[in-house]
Amino acid sequence: MTKLKYTEKKDTRSGFGAGLLEAGKKNKDVVALCADLTGSLKMNAFENEFPERFFQVGIAEANMMGLAAGMTIGGKIPFTGTFANFSTGRVYDQIRQSIAYSDKNVKICASHAGLTLGEDGATHQILEDVGMMKMLPNMTVICPADYNQTKAATMAIADYDGPVYLRFGRPKWPVFIPENEKFEIGKAQKLIEGSDATIFATGHMVWQAVEAEAILESKGISVEVINIHTIKPLDTEAILASVAKTGCCVAAEEHQIAGGLGESIAQTLIQNNPVPMEFVGVNDSFGESGKPVELLAKYGLGVEHIVQAVESAIKRK
Amino acid sequence: MSNQVNIQALQNTASQVRRDIVRMVHAVQSGHPGGSLGCTEYFVSLYFHVMNHNNKFNPNGEGEDLFFVSNGHISPVWYSTLARSGYFPVKELDTFRKMGTRLQGHPATEEGLPGIRIASGSLGQGLSACVGAAQTKKLNGDDSFVYVIMGDGELQEGQVWEAAMYAAHHKVDNVIASVDYNGRQIDGDVQDVMGIESLKAKWEAFGWIVLESEGNDFENLINTFEKAKSLAKQGRPVLNLMKTEMGQGVDFMVGSHKWHGVAPNDAQLEDALSQLEETLGDY
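Chains as they are written, first to last, in my numbering: chain V, 1 to 317; chain P, 1001 to 1283.
By construction, these hints were calculated from the structure, which means they are not laboratory data.
Careful, some of the hints might be misleading.
To be verified - Capping the alpha-carbon separation at 25 Å, the derived lysine-lysine pairs in PhoX-like fashion look like this:
1) P:Lys1233 with P:Lys1171
2) P:Lys1138 with V:Lys25
3) V:Lys190 with V:Lys10
4) V:Lys182 with V:Lys219
5) P:Lys1098 with V:Lys28
6) V:Lys190 with V:Lys134
7) V:Lys3 with V:Lys190
8) V:Lys3 with V:Lys182
9) V:Lys28 with P:Lys1138
10) P:Lys1138 with V:Lys26
11) P:Lys1200 with P:Lys1171
12) V:Lys190 with V:Lys172
Generate the whole structure from the sequences, applying the supplied hints.
Structure follows, in structure tokens:
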């Protein structure tokens, strides 16, 4: 039995769509741009409510990033919407120069990230985006765990002044974060207390970690589960406090191991408290077509893989 | 054209800006004199006559015209023009490209240089920023214009055409863009490196009003901007296809791509300065 319960399954991109609508109601300076994926990004509600603040840019992501940067001059808060692949790799230089280096208040909202995009396959399953975005000075990188948290994060970044990369996904996924829970940028979220090992998870992998904890508990292993929804800036204080107690950890993310959350955590640990650590993520390969859960299992991101990683980390203590 | 324009005063300013350009580039033996010299009349026209702007710099620029430089490597002419317009002390031109300067090799906002609203240097991005800022002006009910300059070689970048398409489609008609049509780029003549003709037909096909001007002739330029303003705000953005000579004003630099990004040596500096009258005092 998992310690946390989920109420239903909903896609995080719908959380974004709902959050964007709320942000638009709250602040008239919020504007949205989309590159021909309004339905996929669930931006229709915003478009319908605020047609004069919604800008269809067509299949032209580079221009979308530049437009968004320009729109901040004069006080608008632009939210760009397209798939994570086209939100990062395709437009890296535009983001680097016009948004990050120029410190523009643009919210880059990226859906269909990772393997759980599913059947569309590796061309669209970006697994390098977190690495690219966290390397950029001035950039905040956020990857919420479920529908409710994505909605709350979308509203929170509208109130934050500075460039943000918000990563979310396509599949329906367990909703377990309380509705209307306030989202605190940069604050790690302890979901389950434990003493033998810590799982630091982000995005869809947070629920996988919750399930892994239940299995480990049945084996007599006490695991702490921490949701790192903000990958940059990283809550190093919370990370160090947890491993000081548990003595080992696992990072779990739907991303390449290289460049991901685990790498950032490892950097923190090696400088402060080098404890045994294992990585659950994609290991230097592209994805492929398939069903989300099957893909997670094949590429080493299943619940069982987290369980094994925790056991390995504990053995190395 | 307006009777109030004092062409002689503009020419005096241009001569001083050209001196600043060659002195700045010579001092650090790096930078881009060719395009800067070619665009001097353009920058001086905008800042000393055409634009409604405030040298007490407001990054958001509400109620004033905005200006963007897409081909950021011509930073020397921009920095000199800004300084001579009172945005920052003229003396600061002496820090160009040196450690700790606000006058970065390519324009940037990070160090807070007054007059710069977005970084540029990686080509092809300025028109998007300009159109975005112009879109915000329309949303805010701000009646001002937004200007941008691009290089002609830069038009080889695909993003420019994405932005061109967007501006026409969304009727962002408060944009007055200019192309520095000098026909040169780093590796040679634009037509040899990667032909971009016919520019007029291309921009018109993309839905823009296209004006042609002589970019090294103040009277012609100012007339063109008057015309551009009268044609703007009627549903279509305006493009000024501006013929210039790279290296204009210095006889051994003019008309060649070789001075795109090369600094003059001591003797060449002396030769160049002998051709450019010191009108406002060197920094």
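Determine which of the earlier numbered hints do not hold for this structure and return their numbers in increasing order. Hint check: 4 and 5 fail, others pass.
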